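Note that the protein sequences, when read in sequence, are chains W and C. Per my numbering, the very first residue in the first sequence carries number 119; after that it's consecutive. Per my numbering, the very first residue in the second sequence carries number 132; after that it's consecutive.
Worth flagging that the hints you see were computed from the coordinates, not collected in a lab. Hints may be right or wrong, so weigh each one.
Said to hold, decoys possible - Here are the simulated DSS-like pairs of lysine-lysine, each with C-alpha atoms no more than 27 Å apart in a straight line:
hint: 1; chain 1: W; residue 1: Lys504; chain 2: W; residue 2: Lys389
hint: 2; chain 1: W; residue 1: Lys493; chain 2: W; residue 2: Lys143
hint: 3; chain 1: C; residue 1: Lys185; chain 2: W; residue 2: Lys528
hint: 4; chain 1: C; residue 1: Lys139; chain 2: C; residue 2: Lys167
hint: 5; chain 1: C; residue 1: Lys174; chain 2: C; residue 2: Lys163
hint: 6; chain 1: W; residue 1: Lys389; chain 2: W; residue 2: Lys528
hint: 7; chain 1: C; residue 1: Lys185; chain 2: W; residue 2: Lys453
hint: 8; chain 1: W; residue 1: Lys153; chain 2: W; residue 2: Lys215
hint: 9; chain 1: C; residue 1: Lys139; chain 2: C; residue 2: Lys174
hint: 10; chain 1: C; residue 1: Lys180; chain 2: W; residue 2: Lys453
hint: 11; chain 1: W; residue 1: Lys528; chain 2: W; residue 2: Lys504
hint: 12; chain 1: W; residue 1: Lys215; chain 2: C; residue 2: Lys163
hint: 13; chain 1: C; residue 1: Lys150; chain 2: W; residue 2: Lys453
hint: 14; chain 1: C; residue 1: Lys150; chain 2: C; residue 2: Lys139
hint: 15; chain 1: C; residue 1: Lys163; chain 2: W; residue 2: Lys493
hint: 16; chain 1: C; residue 1: Lys163; chain 2: W; residue 2: Lys453
hint: 17; chain 1: W; residue 1: Lys504; chain 2: W; residue 2: Lys453
hint: 18; chain 1: C; residue 1: Lys150; chain 2: C; residue 2: Lys174
hint: 19; chain 1: C; residue 1: Lys163; chain 2: W; residue 2: Lys143
hint: 20; chain 1: C; residue 1: Lys139; chain 2: W; residue 2: Lys504
hint: 21; chain 1: C; residue 1: Lys167; chain 2: C; residue 2: Lys150
hint: 22; chain 1: C; residue 1: Lys180; chain 2: C; residue 2: Lys167
hint: 23; chain 1: W; residue 1: Lys504; chain 2: W; residue 2: Lys493
hint: 24; chain 1: C; residue 1: Lys174; chain 2: C; residue 2: Lys185
hint: 25; chain 1: C; residue 1: Lys174; chain 2: W; residue 2: Lys389
hint: 26; chain 1: W; residue 1: Lys153; chain 2: W; residue 2: Lys143
hint: 27; chain 1: C; residue 1: Lys174; chain 2: W; residue 2: Lys504
hint: 28; chain 1: W; residue 1: Lys453; chain 2: C; residue 2: Lys139
hint: 29; chain 1: C; residue 1: Lys167; chain 2: W; residue 2: Lys493
Computed from a predicted structure; not experimentally measured.
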Amino acid sequence: MRARHLSPVDLAEIFLNRLETLGPKYNAVVTVTRKLAMDQARRAEHEIASGHYRGRLHGIPYGAKDLLATSRGIPTSWGAAPLRHQTFDHDATVVRKLEEAGAVLAAKLSMVELAGGMGYQQPNASITGPGITPWDENMWSGGSSSGSGSAVSAGLVPFAIGSETWGSILGPANNCGISGLRPTYGRVSRYGAMALSWTLDKIGPLCLTADDCGLVLEAIAGEDTNDPTSSHRAYRYTADSKNRPFRLGVIEGVADDADNDVRANFDQAVKDLAAAAKIETIRIPDLPYEEITRIILFAEGASAFEDLIDSGQIAALTAPEDRYSVYARTAILAKDYIRALRLRAVVAREIDNAMSPFDALIAPARSTPATPIDKPFRSATRGSAKDVMGAVGNGAGLPAISVPNGFSGKGVPTGIQFMGRAWGENTVIAAASAYQSLTDWHHRHPPGLGGGLWGRSERTGP
Amino acid sequence: MNIPDDAKSETECLIELVKQRYGDRMDSGQMKDVTKTIQSIRKMADALKSVHLKNSDEPFTQFTPYRDQD
Chain W
119 MRARHLSPVD LAEIFLNRLE TLGPKYNAVV TVTRKLAMDQ ARRAEHEIAS GHYRGRLHGI
179 PYGAKDLLAT SRGIPTSWGA APLRHQTFDH DATVVRKLEE AGAVLAAKLS MVELAGGMGY
239 QQPNASITGP GITPWDENMW SGGSSSGSGS AVSAGLVPFA IGSETWGSIL GPANNCGISG
299 LRPTYGRVSR YGAMALSWTL DKIGPLCLTA DDCGLVLEAI AGEDTNDPTS SHRAYRYTAD
359 SKNRPFRLGV IEGVADDADN DVRANFDQAV KDLAAAAKIE TIRIPDLPYE EITRIILFAE
419 GASAFEDLID SGQIAALTAP EDRYSVYART AILAKDYIRA LRLRAVVARE IDNAMSPFDA
479 LIAPARSTPA TPIDKPFRSA TRGSAKDVMG AVGNGAGLPA ISVPNGFSGK GVPTGIQFMG
539 RAWGENTVIA AASAYQSLTD WHHRHPPGLG GGLWGRSERT GP
Chain C
132 MNIPDDAKSE TECLIELVKQ RYGDRMDSGQ MKDVTKTIQS IRKMADALKS VHLKNSDEPF
192 TQFTPYRDQD
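Pulled out of the complex, with its shape left as it was, chain W reads as follows (with noise of 0.2 Å):
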């Protein structure tokens, strides 16, 4: 881009036409963006034709979640029926600092209603209709993040902005087989995304490589004034430390429950990373981790969209579950909600002298590949799923990087997550290169959606 042999129009168009030809094949988008994307691509190749280059991202199209306020007119949905034509007089800072960096919005993409606050039990739960992975047309792409996954499998974009409160940018990278990160809670601004939790929900990239999202994160991350959460910490994405002996840990039975594809690629994983890490298999402390974090997003759900579930209007969302089981999360006690809380300060400092001698935990990303549209789904947040990583790395507000590392036996993706402590981005992205330095799963994309896009190293098909 920047040596002005791409040009970010010409880049802008062939985004912009596989969103709107390829987009519905998959429920992936809600609104492209097509007017806004060209005026910024033309932006875009004036400044670098004039020598001002931004950085890596100037004149790359992406898609944003559509939780992610839009102003000019574009609507934000939520994903729900009855904020279907909402809009907003702002952008979110995420949306303000794409655009600083050069950055071309080509599209709203689609997600679960309320990202799954409400309790959802199946993938029909959004505006669009089921989110579907580019692997298998009748499988989920997985949620709440369902179009950011899907839209970056498929080569619609370059790379998608998701979030995640427990479960939705790591879910939707693992069945659609690309890299999702999930930064640390603060690292990113909040300001302008829709809240389910505010103390769960964490903004993040999704990518076809773990590197891709560490580029992503330093574009969106830093302070924000409008974000009291936002950490005052500085962040700057370096790549070059991938090359190091890691030390990875292991929690004792963390792939108990998983599918017999997923943990067989698991297992594989660990036997490929033991060439770039020493991994031990831990004990953590025996405390209610699920538990914990799943009150504390009930509660503060059922608050976030109090005037949605008080005034009846849940009653249009897509999924039938979703328009009344949230009525039961309206009935927690304050002093239960105080004391998740309280064991939450507990949980962080345990599992941080647990993770302490290590530069991540790994697992696999998801207990199960991805899961047929028209058939509920097993779910940690509602309790009918263990998700020990989940409950840890969502209730402390860890990051973690999921990517793939295989396929299933019926040829769709399986994912492998590195967790890391506090601030400990750049180690697990690091760790997750290292693994895509010694595997080739990232370079994998699904058959028949090249025309020629992907490079000649890139492989189609599991």
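Please arrange chain C on chain W, whose structure you already have, making use of the hints.
Here is chain C on its own, set in the frame of chain W:
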């Protein structure tokens, strides 16, 4: 304190509360689902009590008094 034999449990009170607030919006099947969820949330809350906390164990929140720039 003597609790009357017919006193409702904490869970039953919460179920009744939700029924009073939102019962007219749900059919019997949905109310049954919500009842199960409330029971499950109560079990989660009970699990939190398994960890002893001291008076000095504060909630992990950071409250800073706000003042706009002058």
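* Hint consistency between W:Lys153 and W:Lys143 [alpha-carbon to alpha-carbon, up to 27 Å] -> holds, 22 Å
* CA of C:Lys163 to CA of W:Lys143, is that 27 Å or under? -> violated, 37 Å
* Is W:Lys493 within 27 Å of W:Lys143, Cα to Cα? -> Answer holds: W:Lys493 to W:Lys143 is near 19 Å, not above 27 Å.
* Take a quick look at whether C:Lys163 and W:Lys453 sit within 27 Å of each other, Cα to Cα. => holds, 25 Å
* Please work out if W:Lys504 and W:Lys389 have their alpha carbons no farther apart than 27 Å. => It holds: about 24 Å lies between the C-alpha atoms, which stays within 27 Å.
* Agreement of W:Lys528 and W:Lys504 with the hint, judged by alpha carbon distance not exceeding 27 Å -> holds, 23 Å
* W:Lys504 paired with W:Lys453 [C-alpha distance capped at 27 Å] -> holds, 25 Å
* Under the criterion that the straight-line Cα-Cα distance not exceed 27 Å, is the pair C:Lys150, C:Lys139 satisfied? -> Given pair C:Lys150, C:Lys139 holds - Cα atoms ~15 Å apart, limit 27 Å.
* Asked: Going straight from one Cα to the other, do W:Lys389 and W:Lys528 come out at no more than 27 Å?
  -> holds, 23 Å
* Has the given pair, C:Lys174 with C:Lys185, been kept, meaning a C-alpha gap of at most 27 Å? -> holds, 22 Å
* Asked: Is W:Lys453 close enough to C:Lys139, meaning Cα to Cα at most 27 Å?
  -> Holds, at roughly 19 Å.
* To do: Sort out whether W:Lys493 lies within 27 Å of W:Lys504, counting only the CA atoms.
  => At roughly 19 Å apart (the allowed maximum being 27 Å), W:Lys493 and W:Lys504 satisfy the hint.
Hint check: violations occur at hints 3, 12, 19, 20, 25; the rest are consistent with the structure.
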